[in-house]
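Participant: Letter by letter, the chains look like this.
There are 4 protein chains.
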Amino acid sequence: MSRTFPERAFAAASDLGEKPREECGVFGVVGHPEAAWITYQGLFALQHRGQESAGIVSSDGRSFYQHRGMGLVGTVFRGGNLEHLRGHLAVGHNRYSTAGSSTLQNAQPFVAQYARGPIAVAHNGNFVNAFQLRRKMESEGQIFVTTSDTEVFAHLIGASPARSLEDRIVDALREIRGAYSLLCMSPRLLVAVRDPSGFRPLWMGQLEGAILFASETCALDAVDATIEREVEPGEMVLVSLSEGGPQVHSFRLPLFERRAHCIFELLYLARADSVVFGESVALKRLAFGRQLAREAPAEADLVTGIPDSANMAALGYAQESGIPFQFALARNQYVGRTFIEPQQRMREKQVGMKLNPIRDVVAGRRIVLVDDSLMRGTTMRKLVKRIRNAGATEVHVRIAAPPTRYPCFYGVDFPTKTELIASDHTLEEIRRYIRADSLGYLSIQGMLTCVKEPATYCTACFSGRYPLEFEGQDIQQLSFDFSHNRDRN
Amino acid sequence: MSRTFPERAFAAASDLGEKPREECGVFGVVGHPEAAWITYQGLFALQHRGQESAGIVSSDGRSFYQHRGMGLVGTVFRGGNLEHLRGHLAVGHNRYSTAGSSTLQNAQPFVAQYARGPIAVAHNGNFVNAFQLRRKMESEGQIFVTTSDTEVFAHLIGASPARSLEDRIVDALREIRGAYSLLCMSPRLLVAVRDPSGFRPLWMGQLEGAILFASETCALDAVDATIEREVEPGEMVLVSLSEGGPQVHSFRLPLFERRAHCIFELLYLARADSVVFGESVALKRLAFGRQLAREAPAEADLVTGIPDSANMAALGYAQESGIPFQFALARNQYVGRTFIEPQQRMREKQVGMKLNPIRDVVAGRRIVLVDDSLMRGTTMRKLVKRIRNAGATEVHVRIAAPPTRYPCFYGVDFPTKTELIASDHTLEEIRRYIRADSLGYLSIQGMLTCVKEPATYCTACFSGRYPLEFEGQDIQQLSFDFSHNRDRN
Amino acid sequence: MSRTFPERAFAAASDLGEKPREECGVFGVVGHPEAAWITYQGLFALQHRGQESAGIVSSDGRSFYQHRGMGLVGTVFRGGNLEHLRGHLAVGHNRYSTAGSSTLQNAQPFVAQYARGPIAVAHNGNFVNAFQLRRKMESEGQIFVTTSDTEVFAHLIGASPARSLEDRIVDALREIRGAYSLLCMSPRLLVAVRDPSGFRPLWMGQLEGAILFASETCALDAVDATIEREVEPGEMVLVSLSEGGPQVHSFRLPLFERRAHCIFELLYLARADSVVFGESVALKRLAFGRQLAREAPAEADLVTGIPDSANMAALGYAQESGIPFQFALARNQYVGRTFIEPQQRMREKQVGMKLNPIRDVVAGRRIVLVDDSLMRGTTMRKLVKRIRNAGATEVHVRIAAPPTRYPCFYGVDFPTKTELIASDHTLEEIRRYIRADSLGYLSIQGMLTCVKEPATYCTACFSGRYPLEFEGQDIQQLSFDFSHNRDRN
Amino acid sequence: MSRTFPERAFAAASDLGEKPREECGVFGVVGHPEAAWITYQGLFALQHRGQESAGIVSSDGRSFYQHRGMGLVGTVFRGGNLEHLRGHLAVGHNRYSTAGSSTLQNAQPFVAQYARGPIAVAHNGNFVNAFQLRRKMESEGQIFVTTSDTEVFAHLIGASPARSLEDRIVDALREIRGAYSLLCMSPRLLVAVRDPSGFRPLWMGQLEGAILFASETCALDAVDATIEREVEPGEMVLVSLSEGGPQVHSFRLPLFERRAHCIFELLYLARADSVVFGESVALKRLAFGRQLAREAPAEADLVTGIPDSANMAALGYAQESGIPFQFALARNQYVGRTFIEPQQRMREKQVGMKLNPIRDVVAGRRIVLVDDSLMRGTTMRKLVKRIRNAGATEVHVRIAAPPTRYPCFYGVDFPTKTELIASDHTLEEIRRYIRADSLGYLSIQGMLTCVKEPATYCTACFSGRYPLEFEGQDIQQLSFDFSHNRDRN
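Protein chains in written order, with the numbering used here: chain X, 1 to 489; chain W, 1 to 489; chain D, 1 to 489; chain H, 1 to 489.
Keep in mind that the hints were calculated from the coordinates and are not lab data. Please note: incorrect hints may appear among the correct ones.
[Said to hold, decoys possible] Below, simulated DMTMM-like cross-link-like pairs (lysine to aspartate or glutamate); rule was C-alpha separation at most 20 Å, straight line:
1) K136/D to E138/H
2) K385/H to D224/W
3) K382/X to E419/X
4) K136/D to E140/H
5) K136/X to D224/W
6) K136/W to D224/X
7) K452/H to D360/W
8) K136/H to E140/D
9) K385/X to D224/D
10) K382/X to D224/D
11) K382/H to D224/W
12) K452/W to E140/H
13) K385/D to D224/X
14) K452/D to E175/X
15) K385/W to D224/H
[As the list claims (entries may be wrong)] Examples of chain D residues lying across from chain X (beta carbon under 7 Å, computed):
16) E166
17) C218
18) A222
19) G278
20) S280
Built from N, CA and C at the ideal position, the CB exists for glycine as well.
Next up, chain X with everything else stripped away, as it sits in the complex:
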């Protein structure tokens, strides 16, 4: 049963950047002598899914070895930190999170000891009833050391009366609702689970006899693994390490929800070279761009996309419209987490530090500028101005997605509703704000015509129709309560 999210919940969301950001990428290896190294490489390829912290836990069949840190994968594992992560099993995690809780404590994989030994959990997604579960556990005497819902899941595993880890996981998942692609590791076992709705992607691969799991196929490509298949929605895959190599067993979770793949993975989150939900991300973006050209045509001299993520959609728009594609914006490849922004005055200039119009390309031209989403509109507003300053005569903004009006509760970190410009402004108001000559979005309907199975997607951020029941106060109260604990480790 789905329902519209109550208005009051919006106020609790934190102040965010212009673009939506997913919370996580996960990677796991069973049965490889360089498990941690491969996990490191896999996380590197999944860096776009989370840049705040990274961590790897490995196992040599008896002990866990772990390292976690704030920052990019390459930074966290600098200086020999990988060499200590011994063993043939490993799970890794990239994390993005909101400011208040972006602390080392929350860095994953989460490691705990329960009655049957140590366990490591790497989680991509969001449990919608984590808050209620946590409150209930607290009232029953449990204590919590992080603000992440992954700890709630670990508590449920610990509390299960079952003996085996897999049964405990099933018990835990019976309690939980939400979006998740989970990797759970005990010293000799890796368990991969994907929620019944299939919100987030999760893939399985093989490399030199080892079994691998990754959020996206691009990570399996990066380590030269063979891509096997997607873990099915509602599937649990157990891989144990025996002497003959990894043993794989697959189970169906006794949980049922309608499919609800996150369409934002196709639009923006996943890397272009990945396949998710059985679709080529690159080709879908091309198709979104083509459909956009049909729905929102423009008279112009050239089409360009905001690099790199909107390039494919821009090319599709160009192909369908017949207007030539051009590279009209140069991107500073080095802008990233290292750029210091000490003062508001500097922040103002940051668009210019990232993107610069190529004067001789845009001067005297009418431009179609394609982007893959429009959240607050402030960056676009500055960019349109810069393009005009560089001599463009007209700037027609086209968004290769529908207007983003609602927050996500399944693991994507959007600006709040009040910050989402499309939540309470008309098309014309937005156009005027960003100072474009015209503005066009893709329709939800049009977007869905581009995918093979439209009914299997979640479009809540566009439509407000949330596929999974949840308690509205979760997010709000969670973020309030846990803010008591501000860590700077």
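Position chains W, D and H relative to chain X; hints supplied.
Facilitator: Structure of chains W, D and H alone, referenced to chain X:
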């Protein structure tokens, strides 16, 4: 009821350095606008009680602010880390621990959220039944994220059915046995507790209207506080922050054990300028040295002590024996944690890096060399050789403590029994091993004649008579199980 | 007078990566209260010109303030290092250098004190007679602390009998031959100089009354400055800071050489949005691609470029050939200096970490793969294989530049001649090595038809015709001698 | 010829801490496979001679390998920095310097390349005519990159017309006047030189066939080397590395000055276990204390010294006076460079962080408090107050040195004359300022009776009689001019 510790437990202890090391120092402040700063200074003065990690948690009455790190206090709080620790309450902790678990996860204060909000716990001591409690909790479904017994305590607080923090603490302490000086902080309350035996010291002071707690008086002196009194064995002091300033309430715990002050605090652990258990540490060491001179006289030209800790005892020996006191060993003040020891070959030389005999003082002389303890004997063996090489004609080693034969389970980290040279060697064997011309120890009886109330002390490490019942397998199993989880954060 | 570079010199060049790399970017500000901040931003936009070290020296009219470090601009100036760089003048520098001398000592700007005070020099280019000059100075008694030719220049300034800095600079430049865009700063004066051949670009801009200099226009754009003009080949611009603001004076150096703009700036080095030598870099790359399509056509289903630098040329090829342009390779934006490469085995995989073919785009297709240069061919060989593995039926490699056969002595860091695959292999041999179905280069002639003034360009790396006389043994001996001094600061 | 230092020069000295600090310690090794490791250990033992920066340069006979950094030896060479310092020769340096020039640039050894190859110079001392020489060289066209006089020396070596390094060194030393113990290394040769006056100590030792040099014998002891002899004043020792091992040649410099050993080495600078100028430092301090007791007796209950440096003198005072020696002050061994001092308010407390009176020792007692020097008096003033607060009835301050009234120009970094309390205050004024019950100094005459050859000592800081001619404006102008160049590397 006391009993001798079973032999098999000794095997589990880890490989340690030459000297015993205490686990912790604690410091707390209620009601000062610079609470974290004062705590930082207090921890600095308690640095000798733990050098592996340090941490401070502060509270502004609503939120916690925390920072923890590996290393010395000055290193952990370098670079502005203190400035973020806002509020009028703070607790801090210095930690020493054995190699296996010396990880950031175990750094204290331990912070968790339970049903009634966040709590921070700083703990000096050791719970002797922590292992059983943890096993029981795990079997009931609880999970653990550290290997420290402080987490067990936090779980007990969470699990208590009582409403107030103080009642929950009492409930928790009913379950626990052992040595502890604890500081527990909630957003507006600091609770200080000392175990009924009074194993570890804990002091109370005042500074500019604020209430302070510290493991030793030297930390109160360091911040120019007024020393109020020792927290009594079995006492719980509550300090809440009201508008009129800190409110202090004292309670007696409903727990009873005979007094068992750690005599090692007087012999070695506490700083010379502290007062612990109502005794001046400096004057006791002088007295131990005098008593040693009576029990183990020597014919010699000069008396010297191993700097800095044995200086007082050496002076006492000199005063009583009439043999002149001299400074015969120069100490490199910079040797500490920063010295790299990359190869065994270098390690061999480390005695020379630390201590160097003053040739013109020792040459041609008969030396009485006083130390405050003798654990393995390997360092002493090297030192005696160096002193002879510098020209001393005789070296008479005198230890201002009885032979250390048994491990401590109340918070002091000794070498294992098999490594304690006195556990299975005669006086003559030890003398021959360290190549001294003669060797003398203080007797237990003689040591106790130097203190005001001999019956109130624990001498288990010398006598094997453990004042507090405990389960022998604790340490062994604990260290085994938790070694599954090796962290390098 | 130009001549061919002697063969034996090639042996001395160091082992380098696949791509040519320029040595430096420079940036300068006179007359702005946030001079260092603006310089920092400018260097950020010039990061592509050098990633090994960065530095800024500022002046408040009396004292210099400086900070230099190894790594990217954002890393070097992390943590408040900028705040100490006071004053209204600043010069900054990004550096790339070969392995042997990539040390902090060599990081620029180079600061020294001569008879008339301190001076800071930031240098982009290469003096071809630096070695002879240095040897001569050494034989006359001078000492050197770096291995960079910038120090030679500073020595010449110090040794000049002239009084004013500008006259000393002219004296120094009379001694020197080579490629240079130099910024020299004394406490109240900034002098910008460009060599008479105009090898390297150098631009002048204005911002809020301040005068700015930058290697490329993209850096002026990044700080929202107005682009004024290129500093002319053989021009010296003096900007002094008076009370009324910066005073600008321009002089013509009494040195004459024929124009020899580095064509590699257009092909590869400069950022696409920059204008250099009066040409739009982006449009030139488009034109090179078009010309390439004319000279080396292919039968194929799609054209793609190696991102980001070859995208423009690929688009030009597509436009001219009528074969559709596509994005066929996904780039990991996070691959950079942070990726650990601990073992050869990992290094092998690095192509896969950087670039991944988009399976559904290339499968079953005949691909034209456009790159902007081909040095050793090893990376291309791996990439072609990956594209075939992803299902491409044919891979036609097209290089939007002529074959690179000769090293550069004017500031671009190429592989050695023996490593340049085109230096001693035929087209067919190269094609077979990289396993392409066909291979085509742009002709020198064809390349030059794309620019406005073909005669003003240096094409030495393609033709071996070096526009400026130099002593062949320079590079060889220099790199040999200075290798005595290996620093790890 | 000696003369009194002109008053105006005092104004230029920089603001310093309470205690005098020497500039440097040097260490060198020829002919050992672990030359850099041994040098590291030697520098560790010489850490008390300089804590601001440290550096080692090694040579494998062809190339130099070097690492320098700010901070303590253990910090600078953390993390594998030593492993790259290959070869059988090494020179190392600890540096202390005044605030303005405490930069990485000035960290030694100074490395430069001159006509005959690379050279490394480690220098302990001060050239009194460095400023004039530098001005002259600058006017002749030379440039300088540091503010240290070591660079002046390197320039002189470069400028010498001689062929061999040793002849060049002699040429350089002919130009220079001052205090120096120098180690100069070329790829296969180490040259040790001590100035004709013998201001600073320099020792020679042997270890496993290798020749070692060190500022003090304690460093030779620390590496278990055999102490050979002092390098003589005016002696130059050449050690070259041939196949048969190190070859030693000794020469007498053609320079003549009267002996002028720095008496401050005995009083304060050298470590107690060192022998310098043929005297045991420990025994001299004992003798100074005894003489002090004769010259400035007191009626008191106990004698104590400020740890650690004044302990020996206090013991001597006690022995001579018959008043019992006691340890009355506890020192926090961890106070050092890591203590953060963010605000003035905290700085006020720092005496309390370092030293704490032992209440039960001092209460009700009359104390003789012995220190080894009194510079500004501010620390002593606070300490006397703390001792009184701890209950002492009388505090009699005794300084085991004469009043320090004049700055040092031979390598010891004193407070300025205006800050030296004894320079313009009477004994009674000082006593009142520090709030002591009585105050006594050692007389210059009395001090000199304690050493074997009184005529060979420099007592300029007490008497104002400078043994070596120098130009008064040196220091002043030097520190002014070079302040143009403030580096934060």
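Participant: Give a verdict on every hint.
Facilitator: Consistency of the hints with the structure:
1. Between K136/D and E138/H the CA atoms are separated by roughly 18 Å; this keeps the pair inside 20 Å, and the hint holds.
2. Restraint check for K385/H and D224/W: the C-alpha separation of about 12 Å stays at or below 20 Å, so the hint holds.
3. As the CA atoms of K382/X and E419/X are separated by approximately 17 Å, the hinted pair is consistent with the 20 Å bound.
4. Distance restraint check for K136/D and E140/H: the Cα-Cα separation of roughly 16 Å lies within the 20 Å cut-off, and the hinted pair is therefore satisfied.
5. At most 20 Å may separate the alpha-carbon atoms for a hinted pair to count; K136/X and D224/W exceed this at roughly 46 Å.
6. Distance restraint check for K136/W and D224/X: the Cα-Cα separation of roughly 46 Å exceeds the 20 Å cut-off, and the hinted pair is therefore not satisfied.
7. Taking the CA atoms of K452/H and D360/W, the gap is near 15 Å; set against the 20 Å cutoff, the hint holds.
8. With a C-alpha separation of about 16 Å, the suggested pairing of K136/H with E140/D holds against the 20 Å cut-off.
9. Distance check on the hinted pair: K385/X and D224/D sit about 12 Å apart at the alpha-carbon level, within 20 Å; holds.
10. Note on K382/X and D224/D: the hinted pairing holds, with a Cα-Cα distance of about 12 Å set against a maximum of 20 Å.
11. Pair hint K382/H plus D224/W holds up; C-alpha atoms about 12 Å apart against a cutoff of 20 Å.
12. For the given pair, K452/W sits about 80 Å from E140/H by alpha-carbon distance, which is inconsistent with the 20 Å threshold.
13. With a C-alpha separation of about 12 Å, the suggested pairing of K385/D with D224/X holds against the 20 Å cut-off.
14. Of the pairs offered as hints, the one joining K452/D and E175/X is violated, with about 71 Å between alpha carbons and a cut-off of 20 Å exceeded.
15. Distance restraint check for K385/W and D224/H: the Cα-Cα separation of roughly 12 Å lies within the 20 Å cut-off, and the hinted pair is therefore satisfied.
16. Because the closest C-beta pair between E166/D and chain X is about 33 Å apart, greater than 7 Å, the hint is violated.
17. For C218/D, the interface hint holds, since its Cβ comes within 7 Å of a Cβ in chain X; the closest pair sits about 6 Å apart.
18. For the restraint placing A222/D at the interface with chain X, the shortest Cβ-Cβ distance is roughly 5 Å, inside the 7 Å limit, so the hint holds.
19. Checking G278/D against chain X: minimum C-beta separation of about 11 Å lies over 7 Å; hint violated.
20. For S280/D, the interface hint holds, since its Cβ comes within 7 Å of a Cβ in chain X; the closest pair sits about 4 Å apart.
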